[in-house]
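A.B. asks: On the provided structure of chain A, position chain F as indicated by the hints.
What follows is each chain in one-letter form.
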Amino acid sequence: MARALITMPGTAKRGEVIEVRVLLAHPMESGFRPDAQGRVLPRDIITQFTCRYGTEVVFSASLSPAIAANPYIAFFITASASADLVFSWQGDNQLRQQETQALTVT
Amino acid sequence: VNPLSVQRRHLLAAGAGIGLWIAVRPSFAAVPTLQEAINTFAAGTPVQTGRITFEIAALIENGNTVPITVAVESPMTQADHVQTLAVFNEKNPQREVIQVTFGRRAGKAQVSTRIRLATSQKLVAVARMSNGSVWSQSVDVLVTLAACLE
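As they're listed, the protein sequences go chains A and F. Numbered according to my numbering, the first sequence spans residues 1 to 106. Numbered according to my numbering, the second sequence spans residues 1001 to 1150.
So that you can see chain F by itself, here it is in the shape it has in the complex:
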């Protein structure tokens, strides 16, 4: 065995390790990932896909104010209603966007607001129903002018 090639192999392995370490290290150490934020909201309940509709432009020119409407399919009766609805993002400095709680006399499980988006990313809405089930829906948006940083 050529000792030089062994050394080279070690060097290559070490190099790959450093690359991986940089890729894995998050930019904000204390900020959870999108999946972690969803898991915290779901609190152990399996997350099912569907029942939520997003109303947001697919191509956003200005990330400083982005109109968004999130609606959950629900009759909103005493027996079957939406308790909480949360929206999370993938690449803003923090994962939370908004979390709303519907009372007994809420007419529709729907909320509209205006949000900030730092870059093109994925948005996820997660809803907890009165029967304990958790539903989610995601949407990908393109942002041309970013918010938060300038």
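The shape of chain A in the complex, shown without the other chains:
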């Protein structure tokens, strides 16, 4: 399991637009880089990131080797009801990771 950092407010007013910042510790090996022996290292990247608000997908991103190591993504959601935000990452070598953070709407 890679370490995930999620920064977002725990509570928000109804209708408020909040910023969500997520970072996953991952090397994002591009597949274009040779090692010390000159062999090209195989690609190992995060390919897909999805954020669900309750059950609904609120933001998703397809990532490429052009995304820097430890992929960081910041985006905005409108707080409409108290629900769990579910963050999931998919990547090469069957990588699957999921994190959940609760959002309370007042």
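Hint data in this document are derived by calculation from the structure and do not stem from the laboratory. Glycine included, each C-beta is placed from N, C-alpha and C at the ideal position. Don't take every hint at face value.
[Stated by the list, open to error] Heads up, incomplete: computed chain A residues facing chain F, CB under 10 Å, no partners named: (1) N70; (2) A74; (3) T78.
[As the list claims (entries may be wrong)] Here are the simulated EDC-like pairs of lysine to aspartate or glutamate, each with C-alpha atoms no more than 16 Å apart in a straight line: (4) K1108/F to E19/A; (5) K1122/F to E1055/F; (6) K1108/F to E16/A.
C.D. replies: Below, chain F alone, put in the same frame as chain A:
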């Protein structure tokens, strides 16, 4: 007519042809050009310029992590919102950088991330709106330390 000069003319023409062939041949045969990548995204819709703002340093010291923010002018309502936003590059080994999809409850049509840049080049962001129109904006960046190759 001097046969020597005719031969010389042929040689010159052949030489020019070889030069052109080398110039046209892409370095990665299977990789599309920037324009082809944009055309694939637009899928036949005319691409208009504007409505997108880039936030990126014009002079980048380290191409390994380049902070970038792309925002699209949009009220993000049910009737008028941004569906997809993609960023393409000109000279990395692959044209794609990131492609994001905004859901119904996305607060702003804006995304920030950190990218790699292989060399000084052009970046293009393309957005598809809910009414089907496609908008784009490009930015030129200078990179002093390249990513991807070392």
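A.B. asks: Next, verify each hint and record whether it holds.
C.D. replies: To see whether the hints hold, each was checked on the structure:
| no. | hint | verdict |
| --- | --- | --- |
| 1 | N70 | holds, 8 Å |
| 2 | A74 | holds, 4 Å |
| 3 | T78 | holds, 4 Å |
| 4 | K1108/F to E19/A | holds, 9 Å |
| 5 | K1122/F to E1055/F | holds, 14 Å |
| 6 | K1108/F to E16/A | holds, 11 Å |
Checked against the numbered hints above, the structure violates none of them.
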